[in-house]
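Colleague: Line by line, the protein sequences give chains A and B. Under my numbering, the first residue of the first sequence carries the number 1, and numbering increases by one thereafter. Under my numbering, the first residue of the second sequence carries the number 1, and numbering increases by one thereafter.
Wrong hints could be hidden among the right ones.
Distance condition first, Cα-Cα at most 20 Å in a straight line; then the derived EDC-like pairs of lysine to aspartate or glutamate [what the hints assert, rightly or not]:
#, chain 1, residue 1, chain 2, residue 2
1, A, LYS159, B, GLU155
2, B, LYS107, B, GLU82
3, B, LYS168, B, GLU120
4, A, LYS109, B, GLU312
5, B, LYS386, A, ASP134
6, A, LYS112, B, GLU304
7, A, LYS112, B, GLU275
8, B, LYS268, A, ASP134
9, A, LYS159, A, ASP129
10, B, LYS152, A, ASP134
11, A, LYS160, B, GLU156
12, B, LYS392, B, GLU253
13, B, LYS386, A, GLU155
14, B, LYS126, B, GLU65
15, A, LYS160, B, GLU155
Where chain B lies over chain A, by a calculated footprint (3+ residues, C-beta under 8 Å) [what the hints assert, rightly or not]:
#, region
16, 34–43
17, 47–61
18, 148–155
19, 244–255
Derived from the structure by calculation, the hints contain no laboratory data. Treat the numbers as computed from the prediction; the structure is a model and nothing was measured. Glycine included, every Cβ here is placed at the ideal spot set by N, Cα and C.
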Amino acid sequence: MEEGKAHPPEGVFAHLEMLEARAHEAAVKQVAMEQRKEQLARLEARVQELRQWRDELQAKVELQEQGQHGQEGVVTDPVQHSAQAVLEWKIRKVKSTLQVFYLTGISGKLSKQGVCFCISTAYEGTYLDSYYLDLLTEPEVRIHRHSIPTFIPMEQIAKKYLQTDIRRFLSVLSDHLNAYVRRRYQADQLQEHFSDQIEGTMQRNSLCNLLVFNYNPSSKSETFPFNARLLYGDLCCSLPTEVVVSCAPDAPAALAEMAAAHSDLFRRLALHKAFGSFGSAGEHVDGAQ
Amino acid sequence: MEKTEAQLLCSRTLKKGAEPLTEATLLPTCLALGGKEVLVCCVCGSAAGRLQRLPGGAGSFTMDETVAEYIRRTVLKIPRDEIKTMLQKWGFLSETQLQTINFHQMKDNISQEVVQLCEENSASIKQAAVLDIIYNHSYPNKRIWSVYQMNKTEEETDFFDLTDFRKKFKRQLRSTLKNVTINFREYENNAIWIRIAWGTPYTKPNQYKTSYVVYHSQTPYTFISSSVLKSNLPLLCQALVVASNYQDIHEMELRSHSLNSLEDIVFKRYSQNFETYCPRPLQESTAARETDLRIVQENINEKERILRVNREAFGDGPQPKLEFAEYKLETMFTSDPKLEVLHKKEPFRCTVKFHSPHLLESLKSLAPAGMADAPLSPLLTCIPHKARNYFKIREKKGFFPGSFVSP
């Protein structure tokens with residue numbers, strides 16, 4: 001048994017080894033085959049790609065040749081080409097610079113007989129109305145057409161500066177327009193966001209340089225103990241120059257004190273912001289009492 | 001007591017509280033004034049409209065019949081489906097009162113119901129007038145409006161105070177004519193609507209022949225729709241000038257049914273073609289839309305020129321609405337003196353009138369439609385710019401500000 005055991009195993013092992021080696025060989029071959037197949041596929045795809053590219057290029061060449069045949073005599077000069085591109089680029093740049101000027105609030109354009117100015121107004125990052133002014137320059141500078149509201153004292157400003165200092169004229173006019181639009185914006189904001197704290201509608205005029213209203217600092221109660229009268233003496237300014245806040249003569253001293261504090265607030269803050277600050281301050285006073 | 005049926009109290013007396021009425025404190029309730037019997041309060045003697053019978057008397061005092069009739073007629077003017085919203089804007093009748101009205105019946109019946117409710121609230125002419133203002137504000141096109149311009153010499157900042165304006169206006173008008181009904185109503189665009197009903201020193205104001213004034217504060221322009229009673233116009237103008245701190249007023253020769261368009265014209269809000277760099281939508285040219293290549297526009301350049309020129313004259317946007325323009329020509333006939341034809345000093349007189357539901361839009365479309373040469377005569381295109389639609393055309397030496405010479 002020992003021999004029998006020892007001999008056949010030798011033969012079996014050799015056989016197994018041989019089989020193992022063959023299997024390994026086969027596996028290696030298979031892997032190699034697969035790799036080659038993959039590579040082939042890749043290369044085929046690449047060929048396809050290159051062929052397509054070639055076709056495209058050929059088509060392009062053909063097109064170009066056709067084009068050159070079509071417009072005989074015209075030679076495309078690469079230098080001229082790029083010069084034109086530079087010119088176009090320059091024009092684009094100048095145009096966008098002009099648009100940036102529009103952002104400054106005053107922009108102008110030469111028209112047939114003069115200049116057309118556009119004055120755009122803004123308040124706290126919000127663009128508001130734009131106004132136009134068409135000036136004639138011959139024989140002397142004068143206003144041809146405009147879209148500036150009638151209550152803006154443009155004639156007076158023109159009388160002062162138009163002939164002598166057009167820059168000054170435009171900047172003063174722009175100041176007036178901006179201040180007007182800002183005053184109007186504040187009043188609109190107040191009407192829009194704090195309507196429950198104001199009795200009825202606020203009394204105002206076209207220039208918004210006099211605002212009169214009865215109000216209540218907190219939206220909780222139904223009565224309107226304070227009467228405010230805001231006078232904007234400086235037409236180039238969006239803050240009031242004179243503020244009178246009054247309450248009933250028989251009102252308690254605390255209320256009168258509050259009126260004085262409000263009048264100071266109105267003089268320093270934009271109207272809707274002053275009202276916004278009441279929200280916390282009003283409750284504070286209630287808590288203190 | 002014999003006088004019981006005639007004992008009337010005005011609302012103020014009633015509010016004060018019932019003082020013990022004795023024979024001595026009672027005034028005769030019927031006063032004969034100028035041959036007319038006038039009812040007065042038997043305590044204070046005022047002849048206000050809201051008189052009530054003494055508590056305990058038979059029935060309550062009904063409001064003035066003319067007021068009732070006026071409210072009824074005003075309601076009848078309003079289109080049926082708008083009656084409710086207008087009454088809500090009026091705010092004189094409470095929401096619960098409005099709910100009792102059946103708005104789906106004949107207008108005549110609606111008006112009766114409204115009048116009945118107004119009687120409950122004892123409406124006066126003051127409230128009735130407010131309803132009329134609301135109606136006229138919603139339908140300004142029913143009237144014809146004329147623009148007036150005011151001037152002043154000194155230039156100072158004006159703090160327009162509405163209460164001041166009202167007071168001055170009323171005082172000025174009442175100082176010359178007592179019998180007038182004046183009502184104000186402000187609208188959100190800083191426009192003040194004024195309704196005036198005119199009387200004479202001996203008659204009550206006629207509520208059916210009213211004048212309307214629309215004034216935008218701090219502007220030199222007023223829009224007047226005057227009453228048929230023209231004689232009161234100077235009074236009205238004077239009151240306006242005084243109340244708004246100006247010195248003189250004149251008519252601008254600009255008239256239309258469309259109040260909004262007149263406002264757009266004088267406040268320069270109409271579309272003007274300003275050349276700027278501001279980004280604005282590009283207009284697609286008509287040529288680009290032509291798809292059929294076989295069709296060749298022979299006069300494409302000419303067409304584009306017409307469009308461009310037309311745009312320069314009218315701008316892109318819609319035009320203000322005017323219904324007419326009138327040109328009066330007063331020009332001399334000039335000829336060779338040797339011919340001696342019509343060698344007179346007398347000018348040619350002729351009037352040209354244009355009528356259209358929308359005059360400026362039709363003028364704008366004349367040239368593109370090929371019915372007139374472009375550009376149109378400046379006489380026609382200057383209407384919104386000059387803010388006038390009545391012109392007198394004289395020789396150049398004329399003092400007229402426009403100083404047009406006929407083409």
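Colleague: So, against the hints stated earlier in the document, which numbers end up violated here?
Modeller: 3, 9, 10, 16, 17 and 19
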